[in-house]
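Chemist: Letter by letter, the chains look like this.
2 protein chains.
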Amino acid sequence: MAHDDHLPDLTPTAWAILGFLSLKAQSGYEILRAAKRSMEAFWGVSNGQLYPQLRHLAEQGLIQPDGEAEGPRSRQRWEITDSGRAALRAWLESLSSPVQIRDENLVKLFFAGAGSPDLVGRLLEERKKIFSQFEKVIDAVLPGDQLPEAEQAASLGAPELLFRYGKHFTKSTMRWIDQEESRVLESLRKKDDEHADEERS
Amino acid sequence: MAHDDHLPDLTPTAWAILGFLSLKAQSGYEILRAAKRSMEAFWGVSNGQLYPQLRHLAEQGLIQPDGEAEGPRSRQRWEITDSGRAALRAWLESLSSPVQIRDENLVKLFFAGAGSPDLVGRLLEERKKIFSQFEKVIDAVLPGDQLPEAEQAASLGAPELLFRYGKHFTKSTMRWIDQEESRVLESLRKKDDEHADEERS
DNA sequence: GGAGCCATGTAAGTAGTTACATGATTGA
DNA sequence: TCAATCATGTAACTACTTACATGGCTCC
Numbered sequence: 001m002a003h004d005d006h007l008p009d010l011t012p013t014a015w016a017i018l019g020f021l022s023l024k025a026q027s028g029y030e031i032l033r034a035a036k037r038s039m040e041a042f043w044g045v046s047n048g049q050l051y052p053q054l055r056h057l058a059e060q061g062l063i064q065p066d067g068e069a070e071g072p073r074s075r076q077r078w079e080i081t082d083s084g085r086a087a088l089r090a091w092l093e094s095l096s097s098p099v100q101i102r103d104e105n106l107v108k109l110f111f112a113g114a115g116s117p118d119l120v121g122r123l124l125e126e127r128k129k130i131f132s133q134f135e136k137v138i139d140a141v142l143p144g145d146q147l148p149e150a151e152q153a154a155s156l157g158a159p160e161l162l163f164r165y166g167k168h169f170t171k172s173t174m175r176w177i178d179q180e181e182s183r184v185l186e187s188l189r190k191k192d193d194e195h196a197d198e199e200r201s
Numbered sequence: 202m203a204h205d206d207h208l209p210d211l212t213p214t215a216w217a218i219l220g221f222l223s224l225k226a227q228s229g230y231e232i233l234r235a236a237k238r239s240m241e242a243f244w245g246v247s248n249g250q251l252y253p254q255l256r257h258l259a260e261q262g263l264i265q266p267d268g269e270a271e272g273p274r275s276r277q278r279w280e281i282t283d284s285g286r287a288a289l290r291a292w293l294e295s296l297s298s299p300v301q302i303r304d305e306n307l308v309k310l311f312f313a314g315a316g317s318p319d320l321v322g323r324l325l326e327e328r329k330k331i332f333s334q335f336e337k338v339i340d341a342v343l344p345g346d347q348l349p350e351a352e353q354a355a356s357l358g359a360p361e362l363l364f365r366y367g368k369h370f371t372k373s374t375m376r377w378i379d380q381e382e383s384r385v386l387e388s389l390r391k392k393d394d395e396h397a398d399e400e401r402s
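Line order of the protein sequences matches chains A and B.
Heads up: the first sequence at position 121 corresponds to 121 in the working numbering, and the numbers run straight through without jumps.
Numbering-wise, the working numbering comes out as the position in the second sequence, counting from 1, plus 201.
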């Protein structure tokens with residue numbers, strides 16, 4: 001990773017949009033759906049971002065309309081330009097910003113962890129739910145049954161790679177939760193023992 | 202997790218600030234440092250957020266000044282109030298927002314994955330660097346050598362729990378990268394073989 | 001009495017979300 | 001022909017970051 005030379009200054013979201021257009025000329029809505037299906041878990045794209053960014057990319061000459069939009073609000077297909085492809089290649093070789101995580105459940109665990117094991121247990125249960133939800137999103141990246149062809153084409157790129165990472169990540173987190181849960185159980189058992197000792201004495 | 206009953210409407214960052222004050226009465230700067238040391242990896246707190254939020258928490262009656270600030274810009278210590286403690290307890294029992302991840306390197310892998318294995322290899326190398334950097338942040342949560350007592354007290358809560366999670370998380374990610382790297386190597390080997398076949402024929 | 005860090009604070013900007021408005025298309 | 005859904009778009013807001021300003025403290 002080096003030479004951020006002549007990189008246009010775009011947000012990662014804009015680069016992702018350009019990336020989807022590099023796979024196939026498509027409309028904003030199609031991009032939105034493809035992004036939702038294939039990478040929502042690791043980079044969300046909302047429609048409030050999408051349309052302004054499309055216009056911005058067009059202004060920069062990185063994409064262009066493919067055919068005419070029939071009306072003021074009818075479907076407009078976009079295609080990547082040569083300079084768009086070049087820019088995308090450069091972006092792929094440039095330094096990435098560090099992974100950012102915002103994990104409220106974990107923050108709670110931090111503050112609860114010193115206190116009641118009960119609460120920690122409940123928070124770990126919640127965490128399990130959060131991550132099984134997360135796994136559902138991941139599973140949607142590569143559903144067992146076949147997709148309509150259009151959607152398949154739209155989520156080209158390397159869905160299997162993201163899928164493998166997502167699976168690895170969720171499974172590993174689930175394992176950690178199980179470990180912590182048995183730790184909690186043990187600490188409760190110990191407390192019980194101590195209590196019983198006190199009773200006897 | 203249930204009853205979000207009478208929860209004041211605060212951002213998770215504000216809750217975290219309140220959480221730190223529940224461990225110990227302290228100044229903004231101390232909170233900033235404790236947050237940086239103990240939970241930066243999973244929830245960053247910046248000073249542009251901190252001071253306005255302190256004032257906001259005070260307006261809500263969840264914290265109060267502990268002693269007087271000597272001057273307009275001198276150290277001010279804050280302490281949590283009873284209603285602050287009650288609110289914090291309620292927050293700990295309330296539903297957490299889902300884990301949010303923004304992972305630019307993974308987005309690049311998605312778009313690179315279908316194309317050149319070389320590029321995928323470089324991106325995996327970058328990922329390794331990103332996560333070994335991440336691990337350094339985690340390691341700072343529980344440094345082998347002892348901390349000044351003040352800092353220890355400030356990062357009470359359950360640093361070991363966050364540490365264990367962070368370690369588990371980074372190790373597991375590193376393992377995945379290794380797997381993917383050998384996958385890349387294999388695909389390069391296959392390509393080579395095919396090439397050799399063509400040469401022979 | 002000045003260098004450098006400690007500490008508080010703010011202004012400006014960034015990147016994003018949600019909720020809504022509206023037009024176009026489809027199909028019962 | 002009406003309802004639902006597809007598709008584009010925007011306004012208002014939210015949470016947050018960076019960079020800077022400034023004052024206070026310490027120690028030589």
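It is worth saying that the hints were derived from the structure and are not from the lab.
Glycine residues also receive a C-beta, built at the ideal position from the N, C-alpha and C atoms.
Honestly, I wouldn't trust all of these hints.
[As the list claims (entries may be wrong)] Okay, the calculated beta carbon distance ranges per label pair: (1) B:Gln-265 - A:Ala-58: 34 to 40 Å; (2) A:Pro-65 - B:Arg-384: 36 to 42 Å; (3) B:Lys-329 - A:Met-174: 22 to 28 Å; (4) A:Glu-199 - B:Gly-268: 41 to 47 Å; (5) A:Ala-90 - B:Glu-400: 31 to 37 Å; (6) B:Arg-384 - A:Ala-140: 21 to 27 Å; (7) A:Glu-68 - B:Lys-330: 42 to 48 Å; (8) B:Asp-393 - A:Glu-79: 30 to 36 Å; (9) B:Arg-384 - A:Asp-9: 17 to 23 Å; (10) B:Ala-287 - A:Arg-77: 52 to 58 Å; (11) A:Lys-128 - B:Lys-368: 15 to 21 Å; (12) B:Met-375 - A:Lys-136: 51 to 57 Å; (13) A:Lys-128 - B:Arg-256: 36 to 42 Å.
Chemist: If a hint holds in the structure, say so; if it doesn't, say that too.
Modeler: Results for each hint:
1. B:Gln-265 - A:Ala-58: 34 to 40 Å: 54 Å, violated
2. A:Pro-65 - B:Arg-384: 36 to 42 Å: 39 Å, holds
3. B:Lys-329 - A:Met-174: 22 to 28 Å: 24 Å, holds
4. A:Glu-199 - B:Gly-268: 41 to 47 Å: 45 Å, holds
5. A:Ala-90 - B:Glu-400: 31 to 37 Å: For Ala-90 (chain A) and Glu-400 (chain B) the Cβ distance comes to about 34 Å; the hint holds.
6. B:Arg-384 - A:Ala-140: 21 to 27 Å: Because 23 Å falls inside the window, the suggested range holds.
7. A:Glu-68 - B:Lys-330: 42 to 48 Å: 46 Å, holds
8. B:Asp-393 - A:Glu-79: 30 to 36 Å: 35 Å, holds
9. B:Arg-384 - A:Asp-9: 17 to 23 Å: Once the Cβ atoms are compared, 34 Å apart, the range 17 to 23 Å for Asp-9 (chain A) and Arg-384 (chain B) is violated.
10. B:Ala-287 - A:Arg-77: 52 to 58 Å: Holds, since Ala-287 (chain B) and Arg-77 (chain A) (Cβ atoms, about 56 Å apart) stay within the stated range.
11. A:Lys-128 - B:Lys-368: 15 to 21 Å: 20 Å, holds
12. B:Met-375 - A:Lys-136: 51 to 57 Å: 26 Å, violated
13. A:Lys-128 - B:Arg-256: 36 to 42 Å: The hint (36 to 42 Å, Cβ to Cβ) holds, given that Lys-128 (chain A) and Arg-256 (chain B) are roughly 37 Å apart.
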